[in-house]
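Protein chains in written order, with the numbering used here: chain A, 1 to 370; chain B, 371 to 929.
Don't read these hints as lab results, they were simulated from the structure.
Take the hints with a grain of salt, since some may be wrong.
To be verified - FRET-style restraints, in silico, Cβ to Cβ:
| id | chain 1 | residue 1 | chain 2 | residue 2 | range |
| --- | --- | --- | --- | --- | --- |
| 1 | B | Arg729 | A | Gly75 | 46 to 54 Å |
| 2 | B | Pro401 | A | Glu145 | 15 to 23 Å |
| 3 | A | Ile93 | B | Ala454 | 24 to 32 Å |
| 4 | B | Arg729 | A | Thr162 | 22 to 30 Å |
What the hints assert, rightly or not - Below 25 Å or equal to it, Euclidean Cα-Cα: the simulated DSS-like pairs (lysine-lysine) are:
| id | chain 1 | residue 1 | chain 2 | residue 2 |
| --- | --- | --- | --- | --- |
| 5 | B | Lys812 | A | Lys151 |
| 6 | B | Lys862 | B | Lys812 |
| 7 | A | Lys151 | B | Lys607 |
Just so you know, even glycine gets a beta-carbon here, dropped at the ideal spot from N, CA and C.
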Amino acid sequence: MTTHDTRPGSAGGADTAGPLHGGPDDDYTPEQLAAMPREELDRLGASYDGVQILHVDPGPEPGSALERRSVRQVGTVFALAGLAAFGFVVIYIGSGWFLPEWEWTIDSGTWSSWFTPMLGVLMGLALILVGLGLVLYTRKLLPHETAVQDKHDGSHFDRVTTGATLVGGLHNSGLARRKLITRSLAFMGGGLGLMLLMPLGGLIKNPNTGNPLGTTSWAPGVRLVRNDGTPIRPGDAVPGSLETVFPEVPGGNREADAATMLIRLRPEQVAVEEPREGQDGFGYGDYVAFSKICTHAGCPVSLYEQETSRILCPCHQSQFLVTQGAKPVFGPATRALPQLPLDVDEDGYFVARSDYLEAVGPTYWNRERI
Amino acid sequence: MARTATAPGAPTSRLGKTAHEIDDRLIVAGPLRRTLNKVFPDHWSFLLGEIALYSFIVLLLSGTYLTFFFDPSMREVTYEGAYAPLRGVEMSAAYDSALDLSFDVRGGLFMRQVHHWAALLFMASIIVHLLRIFFTGAFRRPRETNWLIGVGLLVLAMLEGATGYTLPDDLLSGTGLRIISAIILAIPVIGTWAHWAVFGGDFPGELIIGRFYIVHVLLIPAILLALIAVHMLLLVKQKHTQFPGPGRTEHNVVGNRLFPTFAGKAGGLFFIVFGVIAALGGLVQINPIWLWGPYNPAQVSAASQPDWYVMFLDGSTRLFPAWDINLPGNYQIPALFWPTLVLPGILFTLLALYPMIERKLTGDTAAHHLLQRPRDVPVRTSLGTMSVAFYFWLIMSGGNDVIADKFDVSLNAMTWVGRLGLIVVPPLVYVFTYRICLGLQKHDREVLEHGIETGVIRRLPHGEFIEVHQPLGPVDEHGHGQLAYGGASVPKKMNQIGGARRAIRGFFRPIESPAAVELEQRQEEHGLASAESRELTSSGRPSEGGRPSEGGKPQEPRD
């Protein structure tokens, strides 16, 4: 055949398939194959795939007690699987129809509290039984054969010929000589790569505009309110108590960094209190207020043990000593909890004297500089 | 060509004709035969990777179902669903829809729990599969690429789990997200910029659930799927490894063909894995998000812990000392950076590079298709158990508050136990493992040289008592076995070499007669040597110096 036939309207010669090279169809005629029994065909095909059947343990003899028994077993397992599956369907459809309602109720021990477990048991049972049936079938009713397959390393012939094709193509392209093209290709590749990456720039935002990490909603005169929005007077809490308070601004109780602990120290705690340097008088009477956001990983520090004056963060067990300006005394936290300077307004409610003097929450690279 | 309907061997049945028609168009007969004939070695430990694959399929199915109902939005809504205790509570739409999924969708809770359990099983099977590959040396040339892909899959699966954990936006996942936020902030130099890029602003912002959602349901699953495909293509291409044994060489695979034996077993395993996950999903409650409540930055519950596969990082974070590094110019590297980013970075890099490291250290660059028994490579095995000890020590420390609470131990003591143990325990485990490996090696040689202990005590004419040993093969003039250790398991009990006939089949009552089994086994000849050489010739002890046999054939087992 040729592709260089220039006669008008020529399709390039006779339309016949080329010869097959070295395929098994050359080795065996259809007549020969037709004469072979099925087992032999199976083994012949396997041998072309590099597989040899070494040894076959036939399955149980047809009609034997062992076979009948195995068939019964496998059949029972599949039937039970079907039963469980239909059970699932019945429970799923029937609940709230001819069975009791599945929806959540406050009482335990109702149909609703059994609904999910029943679904799980039935679906689990159905699927596990299907699996079990398949395994039993394979082990008990199929012949056990041991086969061995050859493992081929890479072919030298393939490597050499493929290499020739690749190198030939590269050589014909002349890229090794045509430096202008390789250079412009490199330039183009760099440009295209960068261009396609550019839209990711939409994700980049400047974290320093407005200093969101260093500031909170606390400001001079902002009242301390409870989660329900009620303000607090100095007489409201007993010594030794801790209350979580928020700035009285819209959505203050949902802000991630404003939550503050208002702690009323007990007299013996007041006696040993040593505020951090420069934070004398941040408290109000026997009240002190510290940020609730852990300086380690930002969890709310919640567990206050007034006997030891320690606040424990439940996430990584950092401990802060309330009587010493909430400085860390154990665990992975490195910085004291920032202290909120307290005051009382003319109506007798707690207010902040200012925002926190330092950034609340976890440490970051340029925290000290903000 | 000449194959027409009248050619010999042309199909006559309807099914055969259909198959013929299909192959005329798609030409699949050849590849299909090659696939069906592919030989899979038979060992239980080769199924561990399959368990991971099957749990991934369950994850895809159940996860797709969940997306029909989940609303990944941080919009504030008021809960009005069926779960009365939370009615009227303000929450994000994500949490609201996760609650609806649990209480207002028929079977939704079941599917949610199936998804979560499948994720845990996925991670567990990946790690156990990884250990199998590691301890048997299956990562050696030519399989380093697949090892790398496997490590990539492990890391991606962890990220996938962590993003999924965050989605319901309950108190627990919000706490986890807060810690993720702190970890991102802790990156030196670019921390705050990275945080703003991921969260779109300060924590928590309004975007993060939506972003994690698309990462969780599209981005990572797509990469996982692609990597799993490559992982398995390479496996098919390079063929399986196998343990050394009779007829097994570096150049073949001995086992079952895909069809029907392996397909039957693998299909069975798929259904069993799916079934176990379904049973767990229905029976064992997991992550009851309605008990945690919506996320609130000011609240946290005690024993807030990540899923177990992230727990080692939680542990390292708890143990790492409060070491901020202050740099000139008032810059800081937070202590949090080391245990949460640097440590896993080092761990996963070492893990990924291990095949190359071992190749460099041992100088073994040859291709290997036969697996090694862990005892035969004591250094690698000890390194492995050391790493496992390190990992589990960190996991344990991730729950140190729970341990402290349940066992009434001081929490601070637990932290110190964790810190010191992390340094002391892994080297100890290394040493112990090394000694155990050597001991097992010695025992293998001992049995090969002197034979199996039969438990038969014999009194010699001069009054000495000896234990009769059964040699495993031919012996030299001193009565020492001549078999060399071949890297395969050495039988150590008489029953393993046919010292007794196998158990009679039948669970409640025997279904075969003992005599028939006896007969069958005599024909089969299970022993390693011929019947004559089974004769016990000496105690096998060197001091005996090849004393000729004085009788003492093994007793025929009696029923």
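*Assess, step by step, whether the Cα of Lys151(A) is no farther than 25 Å from the Cα of Lys607(B), and give holds or violated.*
Satisfied, since the Cα-Cα distance of roughly 10 Å is no more than 25 Å.
_Assessment of proposed distance window 15 to 23 Å (beta carbons of Pro401(B), Glu145(A))_ = Check passed, 22 Å falls within 15 to 23 Å.
*With 46 to 54 Å as the target window, see if Arg729(B) and Gly75(A) comply at their CB atoms.*
holds (53 Å)
*Consistency of beta-carbon spacing, Ala454(B) to Ile93(A), with hint 24 to 32 Å*: holds (26 Å)
*Is Lys812(B) within 25 Å of Lys151(A), Cα to Cα?*
Not satisfied, since the Cα-Cα distance of roughly 33 Å exceeds 25 Å.
*asked:* I want to verify a distance hint. Is the separation of the beta carbons of Arg729(B) and Thr162(A) within 22 to 30 Å?
replied: At 26 Å between Cβs, range holds.
*asked:* Given the hinted pair Lys862(B) and Lys812(B), is their Cα-Cα distance within 25 Å?
replied: Holds, at roughly 13 Å.
Of the numbered hints stated above, the single one contradicted by the structure is hint 5.
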